[in-house]
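J.: Residue numbers (the working numbering): 1 to 537.
None of these hints come from the bench; they were simulated from the model.
Check each hint, because a few of them may be wrong.
Unchecked claim - Below, simulated DSSO-like cross-link-like pairs (lysine-lysine); rule was C-alpha separation at most 27 Å, straight line: (1) Lys-240 <-> Lys-478; (2) Lys-447 <-> Lys-405; (3) Lys-477 <-> Lys-44; (4) Lys-478 <-> Lys-499; (5) Lys-447 <-> Lys-504; (6) Lys-261 <-> Lys-477; (7) Lys-378 <-> Lys-261; (8) Lys-416 <-> Lys-441; (9) Lys-499 <-> Lys-261; (10) Lys-378 <-> Lys-405; (11) Lys-430 <-> Lys-441; (12) Lys-504 <-> Lys-475; (13) Lys-240 <-> Lys-207; (14) Lys-499 <-> Lys-475; (15) Lys-408 <-> Lys-441; (16) Lys-504 <-> Lys-477; (17) Lys-477 <-> Lys-447; (18) Lys-101 <-> Lys-44; (19) Lys-430 <-> Lys-475; (20) Lys-116 <-> Lys-101; (21) Lys-478 <-> Lys-261; (22) Lys-408 <-> Lys-504; (23) Lys-478 <-> Lys-44.
Treat the numbers as computed from the prediction; the structure is a model and nothing was measured.
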Amino acid sequence: MGKEIKLPDVREEEQTPLVKELLEIIEQLAERVQHQDEEIAHLKDEIAVLKGEKKRPKFKPSKLDKETEKDQAEDEEGAQGKRPGSQKKPKTAQLQVHEDKVIRPCEAVPAGSRFKGYRDFVVQDLVIRAHNVRYRLERWETPDGCTLLGRLPTELEGRHFGPTLRGYILYQHHHCQVTQPLLLEQLREWGIDISAGQVNELLVAGKERFHDEKDALLLAGLTYSSAVTVDDTGTRHQGKNGYVTHIGNEVFAWFASTESKSRVNFLQLLRAAHTDYRINEQALLYMRQQRLPQQPLECLRSHERRHFLDQEQWTEHLANLGIVKERHRRIATEGALLGSVLDHGLSPDLAIVSDDAGQFNILLHGLCWVHTERLVHKLIPLNEAHGEDIARVRGQIWALYADLKAYKANPTTDAKVELQNRFDTIFTQKTRFTTLNQTLKRIHRNKSELLLVLDRPDVPLHTNGSETDIRDYVKKKKVSGGTRSNLGRRCRDTFASLKKTCRKLGISFWDYLSDRLSGANNIPPLPDIISQRLADP
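Please take these sequences and the hints and turn them into a complete structure.
T.: Structure (structure tokens):
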């Protein structure tokens, strides 16, 4: 990058016609140099990609939420005198001691000395070794010729690998992102006699109970939540590009991998375990809002059949009604799916907060403020005046965002009116940068979705939770590439959902796996915990 060129500060009385002309030439050269620097940086990125390296990020991450949290934390620190979390706690007082070792002084203890107790020094360590158990099943022959045989514990499930080892394999692969080849090498180094096929079998086979619990997560979360955040990202499956969608909030996270990320796909996911399509008032209202022409709309409304069990029946119905245009079929399908979702108990007041991806814009939709501020953040100023205007507008957005966070904690009518007026003032102003003006105008059109929090203080202001939850898929794609079998993809979604949900509920994922695989069942089903947390906040 070239060095930034700054115009000299020339006093007004010294600006002769020649000086003014020279200043204009310098400004034009500065703009040309900046464009050249951007072009060089772009070419460097292309070279890096061709060499298999990473290119530079397009812009720095937004500090919108962190900066406002920092200001709030500083205010609390000033009020209390200490920063939160600065209080010390005993480091080893709560540790369970598994073994005591008494160490005598190196010197001989003189006669007449008095024992004064111990000075404890606690050392934390791990015991990692193979532990093989031989179960000797007794065989007895009864007088009538029958054979009696001892039974294996139910948690073994007829396998030659114990629940602790099976749990460790699942934990390492899904929680620690350890690939199967590395996991196989690690186990063999510890003396475990296991093959690559057996490792894969332990990761994907016999996980129906986990799948059922994961499927129930979404139903519980959507039933009892007032708001969720959503996001999606790319994944690889069987060598092809696909997508994974995240739905969640502060108490649950749910993932599903599909080939599409359309609105039809999102509505199909919201149906949870259901597969039906319904034509009801909500479905017809959606179709009218999406401007489905009158003829296909009337055909759907007047037909006596309103419920379809699966996609095959629904597709056949559309064909029989003569609805063949792709756009008409898509709108009708979206409406029928929405009718099914609402008929199965999803509240029409559920707030869905997204990054403005079109497939998520249904029901009561809110927008992420971090993504909105990013539209201004990534603008490239052409001169110093443009940079000043961008910085000033970003400061205004940060201040408004901080006050919206304060409003969530203490909503009032006066604050609501004041925040609405400030929003209009910020996003209708005229600056010296035309591109910035257009961006502000675009943001202002989304006023109702950005200020949803004024009517619903329970709605989150950003989708940071979804972006954090879905980041594991990005890392896993870089490490493993993708899944090869449909069962493997399903297991990836299931254990990602269960792991993230355990973390949100304050449950150790290791304890959860051990509990389920051992058959202890001391941890209640996660959907029950979610229902209780959301019903009694």
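J.: Decide, hint by hint, whether the structure agrees.
T.: So, going through the hints one by one against the coordinates:
1. Among the hinted pairs, Lys-240 with Lys-478 is consistent with the structure: their alpha-carbon atoms are about 15 Å apart, no more than 27 Å.
2. Under the criterion of a C-alpha separation no larger than 27 Å, the hint pairing Lys-447 with Lys-405 is consistent with the structure, at around 17 Å.
3. Between Lys-477 and Lys-44 the CA atoms are separated by roughly 25 Å; this keeps the pair inside 27 Å, and the hint holds.
4. Distance restraint check for Lys-478 and Lys-499: the Cα-Cα separation of roughly 20 Å lies within the 27 Å cut-off, and the hinted pair is therefore satisfied.
5. With a CA separation close to 31 Å, the supplied pair Lys-447 and Lys-504 exceeds the 27 Å bound.
6. Distance restraint check for Lys-261 and Lys-477: the Cα-Cα separation of roughly 18 Å lies within the 27 Å cut-off, and the hinted pair is therefore satisfied.
7. Distance hint between Lys-378 and Lys-261 is fulfilled; the C-alpha atoms sit about 25 Å from each other, no more than 27 Å.
8. Restraint check for Lys-416 and Lys-441: the C-alpha separation of about 21 Å stays at or below 27 Å, so the hint holds.
9. The hinted pair formed by Lys-499 and Lys-261 meets the criterion: a straight-line CA distance of about 23 Å does not exceed 27 Å.
10. Between Lys-378 and Lys-405 the alpha-carbon distance is near 23 Å, which keeps this suggested pair within the 27 Å criterion.
11. Proposed proximity of Lys-430 and Lys-441 is supported: the alpha carbons are some 10 Å apart, at most 27 Å.
12. Between Lys-504 and Lys-475 the CA atoms are separated by roughly 20 Å; this keeps the pair inside 27 Å, and the hint holds.
13. Taking the CA atoms of Lys-240 and Lys-207, the gap is about 25 Å. The hint holds against a cut of 27 Å.
14. In summary, the hint linking Lys-499 to Lys-475 is supported, as the alpha carbons are separated by about 15 Å, within the 27 Å threshold.
15. The straight-line distance between the Cα atoms of Lys-408 and Lys-441 is roughly 25 Å, inside the 27 Å bound, and the hint therefore holds.
16. For the suggested pair Lys-504 and Lys-477, the alpha carbons sit about 23 Å apart, so the restraint of at most 27 Å is met.
17. Straight-line distance between C-alpha atoms of Lys-477 and Lys-447 comes to about 36 Å, which puts the hinted pair past the 27 Å bound.
18. Note on Lys-101 and Lys-44: the hinted pairing is violated, with a Cα-Cα distance of about 61 Å set against a maximum of 27 Å.
19. For the hint pairing Lys-430 with Lys-475, the CA-to-CA distance comes to about 42 Å; that exceeds 27 Å, so the pair is violated.
20. Restraint check for Lys-116 and Lys-101: satisfied, since their Cα atoms lie roughly 17 Å apart, inside the 27 Å limit.
21. Proposed proximity of Lys-478 and Lys-261 is supported: the alpha carbons are some 21 Å apart, at most 27 Å.
22. Our distance criterion of 27 Å between C-alpha atoms is met by Lys-408 and Lys-504, whose separation comes to about 21 Å.
23. About 22 Å separates the Cα atoms of Lys-478 and Lys-44, which keeps this hinted pair within 27 Å; it holds.
This entry does not satisfy hints 5, 17, 18 and 19, going by the numbered hints stated previously.
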